[in-house]
Each structure stands twice: as structure tokens, then as C-alpha cells.
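Asks: Listed below, chain by chain, are the residues.
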Amino acid sequence: MIKLAETILNGLALGSVYALIALGFVVIFKASGVMNFAHGSLLLFGGYVMARLHDSIGFIPAVLAGAALAAALAGLVQLLATRGLRGAEIHTLTILTIGVDVLLSTELNRRVGADFLSMGDPWGADVTQFGGITVADARIASIAVAVVVISGFFAAFRWTRWGLSMRSAAADPEAAALMGIRLDRVRLIAWCVAGALAAVAAVFLAAFPAAGLDRTTSQIALSAFPAAILGGMDSAAGALVGSLVIGLTAAMAAGYQSELSVLGSGFADVAPYLVMVLVLLVRPTGLFGSKELTRV
Amino acid sequence: MSDTLSPDASPATTAATPPDGSGGASGRRSGTASRAGTAAAGVLLLLALPFYVSSFWLQTGLFAMAAIVGAIGLNLLSGTTGQLSLGHAFFLAVGAYGYVWLAGDPSGTGSAQLYGLGLPPLLAFVLAILLAGAAGGLFSPISGRLRGMYLGIATLALVFLGHHIMLNARDITGGFNGRSVPALEIFGFSFSDTSPDGLAVLGVPFGGLERLWYFGLVLVAVAWLAARNLLRGRPGRALAAVRDSEVAAAVMGVPLSRYRASAFIVSSMYAGAAGALLALVFKRVVPDHFGLLLSIDYLAMIVIGGLGSVGGAAAGAVFVALMPHLLTKYADHLPLLSAPGTTGSGVTPGDAARYLYGAAIVLVLVFAPGGLAGLAQKRPRRTGDGTRRNRRFPFRTRTTSDSNPQGVEGTTPKEHTP
Chain R
1 MIKLAETILN GLALGSVYAL IALGFVVIFK ASGVMNFAHG SLLLFGGYVM ARLHDSIGFI
61 PAVLAGAALA AALAGLVQLL ATRGLRGAEI HTLTILTIGV DVLLSTELNR RVGADFLSMG
121 DPWGADVTQF GGITVADARI ASIAVAVVVI SGFFAAFRWT RWGLSMRSAA ADPEAAALMG
181 IRLDRVRLIA WCVAGALAAV AAVFLAAFPA AGLDRTTSQI ALSAFPAAIL GGMDSAAGAL
241 VGSLVIGLTA AMAAGYQSEL SVLGSGFADV APYLVMVLVL LVRPTGLFGS KELTRV
Chain Z
1 MSDTLSPDAS PATTAATPPD GSGGASGRRS GTASRAGTAA AGVLLLLALP FYVSSFWLQT
61 GLFAMAAIVG AIGLNLLSGT TGQLSLGHAF FLAVGAYGYV WLAGDPSGTG SAQLYGLGLP
121 PLLAFVLAIL LAGAAGGLFS PISGRLRGMY LGIATLALVF LGHHIMLNAR DITGGFNGRS
181 VPALEIFGFS FSDTSPDGLA VLGVPFGGLE RLWYFGLVLV AVAWLAARNL LRGRPGRALA
241 AVRDSEVAAA VMGVPLSRYR ASAFIVSSMY AGAAGALLAL VFKRVVPDHF GLLLSIDYLA
301 MIVIGGLGSV GGAAAGAVFV ALMPHLLTKY ADHLPLLSAP GTTGSGVTPG DAARYLYGAA
361 IVLVLVFAPG GLAGLAQKRP RRTGDGTRRN RRFPFRTRTT SDSNPQGVEG TTPKEHTP
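Going down the list, the sequences are from chains R and Z.
Once you know that position 12 of the first sequence is 12 in the working numbering, the rest is easy, because the numbers rise by one and skip nothing.
Once you know that position 170 of the second sequence is 170 in the working numbering, the rest is easy, because the numbers rise by one and skip nothing.
The set of hints was computed from the structure by calculation and includes no laboratory data.
Do not take every clue at face value.
[What the hints assert, rightly or not] Taking beta-carbon pairs under 8 Å as the criterion, some of the chain Z residues facing chain R (in silico):
#: 1; residue: R145
#: 2; residue: L146
#: 3; residue: Y150
#: 4; residue: A157
#: 5; residue: N168
#: 6; residue: I172
#: 7; residue: I296
#: 8; residue: L299
#: 9; residue: Y355
#: 10; residue: Y357
#: 11; residue: A359
#: 12; residue: P369
[What the hints assert, rightly or not] Residues on chain R that point at chain Z, a partial pick, calculated with CB under 8 Å:
#: 13; residue: I95
#: 14; residue: R110
#: 15; residue: S265
#: 16; residue: V270
#: 17; residue: L280
C-beta atoms are modelled at their ideal positions from N, C-alpha and C, and glycine is treated no differently.
If we strip away everything but chain R, and leave its shape as in the complex, we get (with noise of 0.2 Å):
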């Protein structure tokens, strides 16, 4: 019982992390109809920014400063994008991402090398304790900064002349622009918010109990793909509970893994690709998805 409960407080928490990078792809998607495979090197910039500006400057401040340039570089592919390729079909620019990715990612793991880079991160190693269920300080933290970031977000959504432009972009970027959105904006801010999301959910990937940032970090962010594709790519809500699933399932996996030998060791890192693939058989769009229409 205490195992199970102790599983969920994981999974929630790996949940929490994966949300803030699914909230980044369905952001990045609904703007400009991307899918941002650069995501994972945007998210190794931030941490290796924090990670070698903490010493000199703090935790908090490095945090800041990590996701601000992870930030700017997200919106420089976005200027790349747009700029280089203007009126482009959408998936040129998918694959444009992949370029991107090919280049930074070689570029970070060139940097960080076979190192484990510290975040410097107040929690350290500590856990807490209560009812008999032990907790590391990084997992709580990761649900509570979650919870912050992402409400901050959806009310960001809701109620800013950004969330509103946003959103009229997603539904009809035809008639926002016509109404005076400049949808070049939108798109930029979005994958600029997309960028510092990333850079968030570097801290908790690289906290313990994980042994710092290392170049497989950017990886572990690959797992957030499933977490958007099974909520649905164009819906931030799904983003959220699909990020739940895959972490409660990613967690369940790897707490009961003696219990799952029977599919092979390391079963827990895949266990979220095949949710994925059997949601998807059910439902071709995920879980939130619009579904497909086609007029004739």
C-alpha cells in the first residue's frame, strides 16, 4: 500500500514535469501548427545554462537566466522559420526542426560531454517523510512549481489580450488577421513561452533522484511526446491529462518492474510509447483531440 502510494507520488510528480514539455508542444502546435522536435535541445540549453550559471549568480537567478536565452533561442528558430521559409508547408518546417535539433543537440552533448552538470537546486537529496511514505524534496517541488507555472498559464490563456489572440489564431488564423492579430507575434511569443516551459521542466529532469544533467537528459524529454500525442495535439487540457497518464504509467512501470519481468527489463522506459499506440488505435486523434473532418 505504501509502495503504491509512493509510486503515484512519483508518477505525479514525473506527471507535473512532463506537462510543462507537452504544454510546450500543443502551445508550439497551436500557434503554428508544428510539431517541435527541437524540444528536447531547447530544454538541454536551458539546464546547461543554468547548470554553469548557478555557482556565480544562484539558484533562483540561474533559473531565470536559463529560461529566458532557452526562450530566445526558441524564438530565434521561430524567426528562422518564418523568415527562411514564408509560406512554406507546415511539415517543411517540422522537419526544419529536426535540422535544428541535429545542430544544438550536437552542439550541447559536444559541451556536457560525459558529465552529470548539477543544477545547484535547493532540494538537494532530501526526502521527506510522512505516514510511512518517503518522498525525495525535488519530487514535491516539481508538483508544487508545476501546478504554479501551469495554472499561471491557463489563466494566461484565459484571461491575456495574448491568450486571446492566441486562441483566435488557433481557431481561424484567416479571420484573426484579419481582425488586426498579427499573427507573427502570436507565433513568436508562443515559442518563446514553449522555450522557458522546457527550461523549467529541465530543473526537475536533472534533480535527484536523477543524477544531474547529462546528454541523455534531452531523451528523457522525447518520453513528453507520447504525453501531447495521447491528449491530443492541439489541446492543453489534454496535454495535462495525457502528461498524468504517461507519468502514473512511466512510474507504475518502474515500481512494479520485478513484478513486469516477463516484458524485459527496461520495460518502463518504452510502457508510455505502447499507452500511446494502443490510445491511438482507439482514437486516431487522441484523447482531446478535434476530431477529423474533411468538407467536400
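Using the hints provided, position chain Z relative to the given structure of chain R.
Replies: Just chain Z now, kept in the frame of chain R:
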């Protein structure tokens, strides 16, 4: 229908293949003749290479041949039919492991036990291709229904699930350390260094690589001609119609899901052939080779080469497959590069290759959306704006949120002006 397909594809493809005997229009005859001459010279050169170059070049060339076969297959799926696939590495793995399993003899005991059917290698090679096709067919409930990004990510899952299976199905795949590959053998003639021992042609010793070289050439030729004929015929036009507009294709009587699934199966078979050839060259298959990076490599090949064109896919494959090997070989002579194994601050050749091809993807998409194939034929077909637009990346997705802006994205670049 697409004008990417019929008129565009032909100059690039005929440029590098032998003449097929069908005389073109009289105006084009002299051009065709000179192209045929170039092609014949190219083929002769390829046939003569094993007599002159070292084994490094033969091995690198064989890697490139495997890449060509795989890239042609992915191009049929992603370039022509417009279905984004990140799962190509998985089907390569099915081909490679399929060949090893079918041709390998059972060996070992206990935990090191390996199963194998011990079939004749040539039969195993063919069956491995069919096995990869069957794997593609098994995926058709997904590939026939999902579109666009959803399909891309679903195929991404294949790579990870496949990698997991490769690591865990130890008695077939050999687990993490992989499994050695039995040499190809056709009617007693082995494509390895032995049997017949010390074979020499015109005084040049013919070892495994020299013999495999010709097998690879035959495989590439078959793959190339089959793809070109497929694309020029009825199925090719149907697939291009599916890419350009599913509604229009369905109205014209193209059975959508059957064609989408068939494209997936054919592409998987190409990948299977490429994987099996790769296994023969490597002589050992390990799971880590068939990861996401390999899938992205193949996507890079067809984007750099030019989507929808067989010749372009081949050119892109050669570019992506050769670059790391060349940079490694000549690292000493290139500025800014550090030799492999040294611990310097310099860029290793492997990194340099990745920079180069990451940059190649970005630059090609920004400056030459038609890829290498588009560059090769831009001059004669400059006029007409429609042709240029159509060469851009042809994937389509349709959800309610972007069902209407299909024209908006492409034709009204200034849409944001109030």
C-alpha cells in the same frame, strides 16, 4: 495530380540509369542520348571500382548502397505518399535481425542460447525482406488511420518498442551485444573471404567486400528500377493523389486506406532489404545501431535529396552515409577537426558530420526546398509558379483547426497585415 512526379522525376532518374530503350520525344532525344552515355560511364565506373580502390572505400560504398535502398523506400512513403515516418530504423532492424535469425545456425546453450533456422542465406535474405513487409503490414491498423504528426509520433514509438524487444529477445537477437551475421551464399558461392578461398579476378584478390560490392550494386539497381516503375505507373499516380488531396483521390476511386497501408508495406520491405545488406557489411548486428538517430538520418537523406524523387533520395543517401566516414578518414588533414580518440577541445569528425548534415537540412529547406533533385532540374523548368510550390514538403494533415488554412499557409504570406 502532382507535377512533382511524372515530368520532374524523369530527368533526374534517367540521368543516372541506363537507357530503358523507350525513345523519348524527338526534341529530347539528343539530351537523352548524352545522359544515357553519362549513365553508362557511371555504371562502368561502379563495376570497375573493386579492382582499384581499397577496402575502406568498398565498405563505405556498401554502407551508401544500403542507405540508398532504404532511402528510396522511405521516399516512397514520405516523399510520394506524404506519410511522415520516423520508424524506418525499426524496419531496417527487422530486416537485419530477420536475416540473421533465418540464416543463422542455432548455437550456444543456457542463457547464451541463440535460435536460428539455418535456411540457405539467399532464401533468408528474401524472407527477411518479406518479414519486414509483414511487420509494416501488422502496423497498418495504425498507419492506415493516423495522419500527419500523429503518424510521425506513432512510428517513433515503433523505434523505441523495437529497441526494447531487440534488447530483451536475447535468444533471437543476442541482446545488447548483438549477434554475428552469417555470410551470404548463393549456390555454394560465398560472399565472404573464404569458399572459394583466395579467389582472384585479373590478379586482384576478391575477398568478401569485393564480392558483396556486386551484390549491393544488383540490389540497388533492382530497388531503383522497381521504385521508378512503381512511381511511373498507376500505383505511383494513385499515391501522389493520396498525398495531394485525399478527398480528390477518393473521389477518383483510389481506395485510400489500402494504398496508404500498401505504401507502408513496400517502404518497410525496402527498409528490410537495406537492413539485411547493412548486416552483411557490418558482419554483426547490435540493437543500438537501430535507434532514433538512424530514423532521422533517413529522413535527412530524403529531405536533402529532394522529396518524391528516386534519384534525389539516392543522392541524399550517399551524402549522409558517406560524410561521417570521409570526415573520419581525413580528420588529420582538415582544419578545426581533431582526430578520433584524442581528447582535445576540437570538434571530432563524428560531431562535424552531424553539424554538416544538420546544417544541410536547414539550408536545403530554406534555400532549396526541392532538395538536390530540385537543384538539378531547376534551370530547364524555371517558369510556372505552381511547380515550385508543389515541390515544397508535401505532407498534409487535416484536423478541424487547420482544415481551412491549407491555402492560407501556402499562398498568402502577408496574412498578418491588418
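Asks: If you test the structure against every hint from before, which numbers come out violated?
Replies: Checked against the structure, the only hint that fails is number 6, while the rest are satisfied.
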